[in-house]
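Trainee: Next come the chains, spelled out residue by residue.
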Amino acid sequence: MEILLVEDNRGDVILVRKAFEATRQATRITVARNGHKAMQILHREGEYANAAVPDIILLDLNLPKRSGISVLEEIKADPALRRIPVLILTSSRAEKDIIGSYDRHANAYVVKAREFETLQDMAKKIEEFWFSQVLLPGAIEAKNDGVEP
Amino acid sequence: MKDAAPVVIAELALAEEFSDFAYSVSHDLWGPAQAVVAFTRLLKSEQSGAFSEDGQLYFSLIVDNGRKLQEMLDGLLLYSRLNTIARSICEIDCNAVLARCWTQLESENKLLNAALDAADLPRIRADPARISQLFYHLIDNALKFRDPEKPVLVGVSVTTGQKEFLFTVRDDGIGIEQEFHDDIFRIFRKLHADEEYPGRGVGLALARKIVTQHGGRIWVKSAPSQGSMFQFTLPVIAGSDV
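Just so you know, the sequences run in chain order A and B. Last residue of the first sequence: number 149 in this note's numbering, and the count goes up by one each step with no gaps. Last residue of the second sequence: number 1242 in this note's numbering, and the count goes up by one each step with no gaps.
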């Protein structure tokens, strides 16, 4: 599974990577350290021409320069990108951030776990739900191809 | 007093700036403290063989103090939220608030034989989240500083005056020396080592802030080994904003 992690904090990047290392399915995490980079990767611009389309996007809200909310807005306004589930991953519990994210069609809002063990558990649950339980747009086509005569 | 109004406005702006500042400090400092704790724990679990017994002790001290810092920031955040989040006043049944706090604290403290002696409490007009916090911290305090030699009994009563309610929360706990009766309401002020009584010294500071925000006063009557009696007033009609 391809994950795009939009996160500026180096420590958090390492912790999220380590948390997903323990999950069952192999995941590849691409990191964008700011919103601009995230959009370049998603649009496969310049040096990112060969970037994989992520199955899921983990998006921090508190980013340098361009905010996570504005990145979310752009993704959800783009017909080519808006089907990719965006999970907000933030330390904020502020109501304006939660409501603001769902108003802009975030698929889930997750508060960053405080303990590493809880973060691992969160990674496991994300994997179980988003990578196993849920059918994502790409998966539907693949399944139909196999079943239909 | 021609200058009075601008001075008041300047003071209000300063208060607002300070509350924003306290909120940012407590919220934004959390991340770095979190990173210190998380990576020290990872280092300890992944490479503990490389460190001596002293080294292991230093790990524990870094983690313990990092957590302590986080808990203090949590406390500061709660405190500053009382300034940044507006009060929403409605009618509250204090009996229900007290019952909820008691149930929650009884199970948190795993107290099997704690008894609550609650009088019939009035309905008041106040901010429900804050009043709940107020009762929670006063009851928490009464349970935490219990006398291990005595059965735990917490009493809550009220006297209704013309203009204000006088609430009393009393316990048979270890009590407090007179000289600290004001001190205990200051944030982070503790009278015991962490090993004796855990906690960050935030609860009573929150309680005082909440009472004064509702136009009331709070104080304690207590002596060592004599239990404590916390009393606070709340106006019968929701008071002017602070």
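Keep in mind that the hints were calculated from the coordinates and are not lab data. Bear in mind the structure is a predicted one, so any value in this text is a computation, not a measurement. In this text, a Cβ means the ideal position worked out from N, Cα and C, and glycines have one as well. Hints may contain errors.
[To be verified] Below, in silico cross-link-like pairs of lysine to aspartate or glutamate (DMTMM-like), each with a Cα-Cα straight-line distance of 25 angstroms or less:
{"#": "1", "chain 1": "B", "residue 1": "K1221", "chain 2": "B", "residue 2": "D1140"}
{"#": "2", "chain 1": "A", "residue 1": "K65", "chain 2": "B", "residue 2": "D1140"}
{"#": "3", "chain 1": "A", "residue 1": "K96", "chain 2": "B", "residue 2": "E1017"}
{"#": "4", "chain 1": "A", "residue 1": "K65", "chain 2": "B", "residue 2": "D1028"}
{"#": "5", "chain 1": "A", "residue 1": "K112", "chain 2": "B", "residue 2": "D1140"}
[Claimed, not checked] Simulated restraints on C-beta separations:
{"#": "6", "chain 1": "B", "residue 1": "I1089", "chain 2": "A", "residue 2": "E115", "range": "47 to 57 angstroms"}
{"#": "7", "chain 1": "A", "residue 1": "H36", "chain 2": "B", "residue 2": "E1071", "range": "30 to 40 angstroms"}
{"#": "8", "chain 1": "B", "residue 1": "A1096", "chain 2": "A", "residue 2": "A94", "range": "39 to 49 angstroms"}
{"#": "9", "chain 1": "B", "residue 1": "R1123", "chain 2": "A", "residue 2": "Y102", "range": "29 to 39 angstroms"}
{"#": "10", "chain 1": "A", "residue 1": "Y102", "chain 2": "B", "residue 2": "R1087", "range": "34 to 44 angstroms"}
Trainee: So, for every hint listed, does it hold in this structure?
Mentor: Results of checking the hints against the structure:
1. K1221(B) <-> D1140(B): holds, 17 angstroms
2. K65(A) <-> D1140(B): Violated: K65(A) and D1140(B) sit about 43 angstroms apart, past 25 angstroms.
3. K96(A) <-> E1017(B): This hinted pair holds, its Cα atoms lying about 20 angstroms apart.
4. K65(A) <-> D1028(B): Holds: K65(A) and D1028(B) sit about 17 angstroms apart, inside 25 angstroms.
5. K112(A) <-> D1140(B): violated, 28 angstroms
6. I1089(B) <-> E115(A): 47 to 57 angstroms: Check failed, 37 angstroms falls outside 47 to 57 angstroms.
7. H36(A) <-> E1071(B): 30 to 40 angstroms: About 36 angstroms separates the Cβ atoms of H36(A) and E1071(B), which means 30 to 40 angstroms holds.
8. A1096(B) <-> A94(A): 39 to 49 angstroms: violated, 28 angstroms
9. R1123(B) <-> Y102(A): 29 to 39 angstroms: Distance hint for R1123(B), Y102(A) holds at roughly 35 angstroms.
10. Y102(A) <-> R1087(B): 34 to 44 angstroms: violated, 26 angstroms
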